[in-house]
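J.: With the sequences and hints as input, model every part of the structure.
Protein chains in written order, with this note's numbering: chain A, 1279 to 1601; chain B, 1279 to 1601; chain C, 1279 to 1601.
Just so you know, the hints here were simulated from the structure itself, not pulled from any lab data.
For chains that are exact copies, the list does not tell them apart, and a pair is met inside one copy or across any two.
Derived pair list, reagent style PhoX-like, types lysine-lysine, alpha-carbon separation capped at 20 angstroms: (1) K1577 to K1594; (2) K1356 to K1330; (3) K1584 to K1529; (4) K1291 to K1306; (5) K1577 to K1562; (6) K1584 to K1594; (7) K1601 to K1591; (8) K1372 to K1291; (9) K1411 to K1286; (10) K1291 to K1302; (11) K1601 to K1584; (12) K1291 to K1303; (13) K1529 to K1475; (14) K1438 to K1475.
Values in this document were obtained by computation on a predicted structure and should not be read as measured data.
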Amino acid sequence: MTNVFFEKNNNIKINDIFNCLKLKKSSKDIKVNDINDLIDADENDITFFHSKKYLDSVKSTKAKIIITNSKLKNMLPKNLFIVEVKNVLLSVAKVTTLFYPNALNDTFDNNVSVINQNKFTNIKIGQNILLGKNVKIGKNCSIGHNTIIESNVIIGDNCKIGNNVLIKYSIIGNNTTILDGAVIGKKGFGFYPGENKNVRYPHIGKVIIGDDVEIGCNNTIDRGSLSNTVIGDGTFLDNQVHIAHNVKIGKKCIITGQVGFAGSTSIGNRVMIGGQAGISGHLKIGDNVQIGGGSGVIKDIPSNSKIMGYPAKNIKEFLRDNK
Amino acid sequence: MTNVFFEKNNNIKINDIFNCLKLKKSSKDIKVNDINDLIDADENDITFFHSKKYLDSVKSTKAKIIITNSKLKNMLPKNLFIVEVKNVLLSVAKVTTLFYPNALNDTFDNNVSVINQNKFTNIKIGQNILLGKNVKIGKNCSIGHNTIIESNVIIGDNCKIGNNVLIKYSIIGNNTTILDGAVIGKKGFGFYPGENKNVRYPHIGKVIIGDDVEIGCNNTIDRGSLSNTVIGDGTFLDNQVHIAHNVKIGKKCIITGQVGFAGSTSIGNRVMIGGQAGISGHLKIGDNVQIGGGSGVIKDIPSNSKIMGYPAKNIKEFLRDNK
Amino acid sequence: MTNVFFEKNNNIKINDIFNCLKLKKSSKDIKVNDINDLIDADENDITFFHSKKYLDSVKSTKAKIIITNSKLKNMLPKNLFIVEVKNVLLSVAKVTTLFYPNALNDTFDNNVSVINQNKFTNIKIGQNILLGKNVKIGKNCSIGHNTIIESNVIIGDNCKIGNNVLIKYSIIGNNTTILDGAVIGKKGFGFYPGENKNVRYPHIGKVIIGDDVEIGCNNTIDRGSLSNTVIGDGTFLDNQVHIAHNVKIGKKCIITGQVGFAGSTSIGNRVMIGGQAGISGHLKIGDNVQIGGGSGVIKDIPSNSKIMGYPAKNIKEFLRDNK
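T.: Laid out in structure tokens, this is it:
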């Protein structure tokens, strides 16, 4: 799929990648279309394999070129063209920057101008609203004062956007409410601790928000790095919630105030989370899970669990232990 | 008392309510003035009873019409006219919407215009300030840049409002400071999980802030649903505090950074709360209580207690158990 | 050093101080240049001693006049001129206000005007940016929409400031990024609980941010009271972090989302802190410390420790105890 938010370099060959990673040149300099994760990669893309956890995805990936390290390469199918590196994720960051040279320069959008009410159907607008280029807004929406919507953002029908909201690199469904002061779509907090300086990695993912969603005041929702950050249909977020890059939240979840999600965690459907709970990164929380306020979740949680505590455990156990 | 913030439908009769709740019509179609909780209801109002906890209030309510369910109705005095429903609170939401049809449409105020300095006494103002209709501001106030104060808000004398502040549905006393980025008066995070979609309930309460109060940067203080959210005289809140709907905080409290209060909890006077503590909903915290930083409070706390931990317990016990 | 941010009264004599503290007049009415802490005070300044913890600093202070109480005064070298009071810190607040009468009036800067792009070298600017007087901005910077930078703030080269940012009383290095909605430099949450009202103390410190720093969205970083709040070179802060007055954070630290620091704590270099952790006030955290997400740190932590929990302890111990 074309990424409308970031300009891609369409002339990358395998030797450009080898050059960027300081590897020896290949004799057959084939064209590479894009970089993508194992699941989303197409057959002309380069992908990467950095942890055994993803072995199943390796087996079904369409990609034929794969970045990995010396330890993991032996697990790979024979037909894959292997790009062997020391640090897989750092190499992915470098190759992503090769394809998307602007994705590291994450400054404000200076292609904005004051909104022109006549370009939209039955829209109710406040003052000092700034819109980037090619912003699409459905019918019957309202947008509050001082709100900024950056270029290429898509918003569905019947949405209500509050005051002082900032939206970038996002696609938003219908009937969704975004409350005052929310910041949606800035790059995630992602980088590699380097010898001299931290190396940022580019964020070419989006924020994708479904239908009938409510995003609370002063929320911060970061966009994905390679994949997207996703908020499912019917999910409601209270104030001051923080959602890191690549988090996927299912449908009809209820997330109360000051909850935080670390990067790349996925949350099922109809999950309820009490105030100030924190969910560590790279976890999988099932459907219908209930997480008590203030909990700290540091491992995967199966569907239909009720948990509480720090670290979170079965809620009955927690209450019994803390009588 | 007249609610200046929300337009009320003054022509509601009991059969309109029955109709809205899909109940059989009554033969005597009396007029109903308003909907209110047991304590604040007047004799021509409809009220509701959804939990045994409020049995004392039932006995003293002035209301004569009451929404309740089949389990609770037998506890009620004989002279009350009972509206029996399956789900009391969901029915209250529906009836409230009948009285206040606009209270669900909680978008920004588009009746604003740029502040006119000459309408106020000795005011110091920044740039791009937007004021709704009928905003009252006392003498010797200052209001920072880009701040929005919506229609009918009342602010006392000698108040200092920072930059980028949003105030709606609020009444603020004298000598009070509201710091940059605070969002005060948006609707609370209240709804009923429905079969297909979450059903929002209307918020017709206000935020009432006393004298000599300080509200920190990027705070979020939601207005009440039926009752009000209240911050007492002399109370100071640090940055990034979150206060949910209907919370009542007493006088001279000190609430440090990132503390969160869930809905309908009441806090006494001179309570001190350390950073990042969380207080669950529907609790009663006494006077002079000290709550350590990071605590999670999940039950009522008597006056003069010093508590810490998650769940919070006596601070001496906590420190002894964690040596 | 001259404090460019706060106007100082340069005509204070010792009897002005005695008068302000309601003490008996001195016969020799010498001039006092400034008030400062034990370490930074010069020989013509007045300083203060309020806790045994600072006994080492007392021995090396250059100041000759010192505020202390009856208990501590016997520990002091004989050559010091002692100003004996009941409440040392409250007296310091009063004397600081004598020197810096405007430091209590912490309202918005009304000396701002819309930024003039031509005054800066190769700057990229958004709309509605307000700048105070004497703001210095280096070359190749970008500043987003609706951002406010108050008088006398200094920003280095190659900095990227987001949208809706507020910066006051701050000095910022080179190559530093400040993301959307951050509030930097407001006064700290400092006051003394008084009989009738809380007494605020003046904040004449700055926020000093180094080179190559990243400050996340909706962060709140308060300026120091007497000393400064400091963020070291190469340190990255994620979204919704709260940093109280006088906190010193070292170099190359990584602080993830929703972490909070209470006042006057110092953090070493290369410290990593997981999401939602809280660090109590007046602590000393060493170099290379790793603090797990959700931890509550309530005592000093030596260098190279890995800790987790509430209260935080050795991470291996925490994981073993919570199997």
